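Enquirer: Sequence lines, in order, name chains H and Y.
Under this note's numbering, think of the first position of the first sequence as 1123, with each following residue one higher.
Under this note's numbering, think of the first position of the second sequence as 784, with each following residue one higher.
These are calculated hints, taken from the structure and not from any lab test.
There could be a bad hint or two in this list.
As the list claims (entries may be wrong) - Pulled from the structure, derived: some chain Y residues nowhere near chain H, Cβ distances all over 12 angstroms: (1) ALA817; (2) GLY893; (3) THR983; (4) PHE991; (5) GLY1046; (6) LEU1075; (7) ARG1079; (8) GLY1090; (9) GLU1097; (10) ILE1159; (11) VAL1182; (12) ARG1210.
What the hints assert, rightly or not - Pairs of lysine-lysine, DSSO-like flavour, derived with a Cα cap of 30 angstroms: (13) H/LYS1264 - H/LYS1318; (14) H/LYS1264 - H/LYS1246; (15) H/LYS1335 - H/LYS1372; (16) Y/LYS997 - H/LYS1264; (17) H/LYS1253 - H/LYS1264; (18) H/LYS1196 - H/LYS1264; (19) H/LYS1371 - Y/LYS1005; (20) Y/LYS1005 - H/LYS1318; (21) H/LYS1246 - H/LYS1196; (22) H/LYS1372 - Y/LYS1109; (23) Y/LYS1109 - H/LYS1253; (24) H/LYS1196 - H/LYS1253; (25) H/LYS1335 - H/LYS1318; (26) Y/LYS1005 - H/LYS1253; (27) H/LYS1196 - H/LYS1318; (28) Y/LYS997 - H/LYS1253.
Computed from a predicted structure; not experimentally measured.
Heads up, the beta-carbon is just placed ideally off N, CA and C, and yes, glycines get one too.
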Amino acid sequence: MATGTNKGTPLVEMRDISIAFGGVQAVDHVTVDLYPGEVVGLLGHNGAGKSTLIKCLSGAYQQDSGEIFVNGEKATINNPRDARGYNIETIYQTLALADNLDAASNLFLGRELTTPFGFVDDSKMEAETRKIMGRLNSNFRKFNVPVSALSGGQRQSVAISRAVYFNARILIMDEPTAALGPQETQMVAELIDELKRQGLGIFLIDHDVHQVKRLCDRASVMKNGQLVGTVNVDDVTEDDLLAMIILGKKPEELAA
Amino acid sequence: MTDAATPSAPAQKKNIFSLLEIDTRLLGMIGAFAVLSIGFDLITDGRFLTPRNIFNLTIQTVSVAIMATGMVFIIVTRHIDLSVGSLLATCSAIMAMTQTVLTPDMLGLGLNHPLTAPIAIVIGLVAGTAIGAFHGWLVGYLTIPAFIVTLGGLLVWRNVAWYLTNGQTIGPLDETFLLFGGINGTLGVTWSWIVGIVATVIAIAALFNARRGKLAHDFPVKPLWAEAMLGTIIAVVILGFVALLNAYEVPTPRLERMFEARGEVMPEGYTAGYGVPYSVLILLVVAVVMTLIARRTRLGRYIFATGGNPDAAELSGINTRLLTVKVFAIMGALCAVSAVVASARLSFHSNDIGTLDELRVIAAAVIGGTALSGGIGTIHGAILGALIMQSLQSGMAMVGVDAPFQNIVVGAVLVFAVLVDIIYRRRTGAA
């Protein structure tokens, strides 16, 4: 397996993870890792198990077997709250925003700021939201409308700001650009580079090979719940990656 | 609005209502209510809009309105509760049995002991909350659809009430307990004014506070005149309502009897207004508390978030199962509060108390703008919805519409109101 240029303790190591639903082995003894300042792409067809695997890390699912290590220490993640305790933040494909609430309410959902009397402090939260949005997407103005009134890119920036605001160390992005136009995709790409520079580790789930080549350092490819392999994206071509996804074979196997 | 906030916003589209930040939908409901009231008043030659009728209308609305506030939370979280009428009956039966059997005989307190009413009410509240929480557990943890759980509950609790009382009408109830029924317990003129003035001061202070909070963070605020206008409207509504209830005078024979009971003679020309009934006060307290929960607490935020996107709520670390239990427990507690008001108004517990209330309560919430698809609804809307339903019903009774036609009209109005709501939402693009 390719180890890349990273040395030392991985930020996250998911070791030998398995999870089954009914009779279907959705994830079958998969091991992946992630180092600080690195973007690891998770590739595969729909139903390859990449989202399921990553949901074990974000706390939405629990693995049947296997272990997760964060900074080299064994981590117990039973629910999304646990995951947040390890500074793991997730940006879901479906964005996981409550459409009927405004940006600030969504950003702080589950972690509201409160006044000394225990009431939610909407003004404070809006002020904080304005601050973080000023950094991430300075064109953002719609603070007092439900997020259902926002464009795809604006919604994405709310989702990302949530992860950034709470000092994520490990960021999981599930097809962050799937619903976005070219300009907004560019914005997200720049943001990923910026977060990388700050030393975050990012798992990027995608099935756009081109995108993965551009944004990721390494790519782990899955097929039918199993890990095909992990490669340095600079060492392989887009065709190699496609072969891994479609045929389930690593480049050296193909060459042989 | 400051320039920074609306660089290119269509400023010309802002009318006076958006400037006041008054919901146009609420305005529409108030308009419908006004048309309805004035219409009935014209048909009945001015008998509809009298202090006496408004007083009666108010106390008739309270029971359904209290439950409707709870139904808002239920529907906002994408559930439904069909059992509220039956649950009200069970709570009413439990409280009736407590004050007619438990406290006088088993605890030996005798009839009309001052502790009877508090004991009965506490037991009723505990029972209502527990039953509601049980419903919530079945829905949230065992994942039985709320429709089924409460459809079962509709049958179960109606008949638990029957069983508890052997089908008998239980009465008369404790004298203190009866104070919560409406006309038998009012604040009187002076206290009504005091309550009205205090409420006005608090409301205006809240407005002022909200403005200060926004200014502290440099957020755009309404122009001062708009703020003042809003404050004036609030003051006029509250104090006008108090004045109306105060204007309903206690009939002279009744006053004479009250003086006789105290061994005094009524002075010539003495009059007294009823003022605000305790039951209405209870409704107002419930409304304020529920609004605070909805808008200013985490619980309320989670209720609306779960209604808007249950998956997002769960992924944000919200325990949606426990939330379901809490929402149904609140509904159960409010059914118990309504049971106090409803049985005290009748002055006895009857077997059919609260029959069809589930439909009135759901209708009130829905007419009040609660979306069955979840995530949207307001407490004040539901109360206004209850008031509109009750006005329609009693207005038609006053005009002399036959009973079957009354129900036909109410049913049709419910469907029509939802249609109007759908069209409104489509036009404004709000969900």
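Enquirer: Hints first: check each against the structure and report whether it holds.
Expert: Quick rundown of the hints versus the structure:
1. ALA817: 29 angstroms, holds
2. GLY893: Holds: least Cβ distance 43 angstroms, greater than 12 angstroms.
3. THR983: 22 angstroms, holds
4. PHE991: 14 angstroms, holds
5. GLY1046: With a cut-off of 12 angstroms, Y/GLY1046 remains clear of chain H, as the shortest Cβ separation is near 49 angstroms.
6. LEU1075: 8 angstroms, violated
7. ARG1079: 4 angstroms, violated
8. GLY1090: 7 angstroms, violated
9. GLU1097: 7 angstroms, violated
10. ILE1159: Label violated. Min Cβ-Cβ 6 angstroms, cutoff 12 angstroms.
11. VAL1182: 40 angstroms, holds
12. ARG1210: Y/ARG1210 clear of chain H: closest Cβ-Cβ about 14 angstroms, beyond 12 angstroms.
13. H/LYS1264 - H/LYS1318: This hinted pair holds, its Cα atoms lying about 28 angstroms apart.
14. H/LYS1264 - H/LYS1246: 16 angstroms, holds
15. H/LYS1335 - H/LYS1372: Holds. H/LYS1335 to H/LYS1372 sits at ~16 angstroms (cutoff 30 angstroms).
16. Y/LYS997 - H/LYS1264: 16 angstroms, holds
17. H/LYS1253 - H/LYS1264: Judged against 30 angstroms, a Cα distance of about 13 angstroms means the pair holds.
18. H/LYS1196 - H/LYS1264: 42 angstroms, violated
19. H/LYS1371 - Y/LYS1005: 64 angstroms, violated
20. Y/LYS1005 - H/LYS1318: 42 angstroms, violated
21. H/LYS1246 - H/LYS1196: Status violated; Cα separation ~36 angstroms.
22. H/LYS1372 - Y/LYS1109: Distance ~53 angstroms between H/LYS1372 and Y/LYS1109 Cα, so the pair is violated.
23. Y/LYS1109 - H/LYS1253: Violated. Y/LYS1109 to H/LYS1253 sits at ~34 angstroms, over the 30 angstroms cutoff.
24. H/LYS1196 - H/LYS1253: 35 angstroms, violated
25. H/LYS1335 - H/LYS1318: 15 angstroms, holds
26. Y/LYS1005 - H/LYS1253: Between Y/LYS1005 and H/LYS1253 the Cα gap is close to 22 angstroms, so the pair holds against 30 angstroms.
27. H/LYS1196 - H/LYS1318: 24 angstroms, holds
28. Y/LYS997 - H/LYS1253: At roughly 15 angstroms apart (the allowed maximum being 30 angstroms), H/LYS1253 and Y/LYS997 satisfy the hint.
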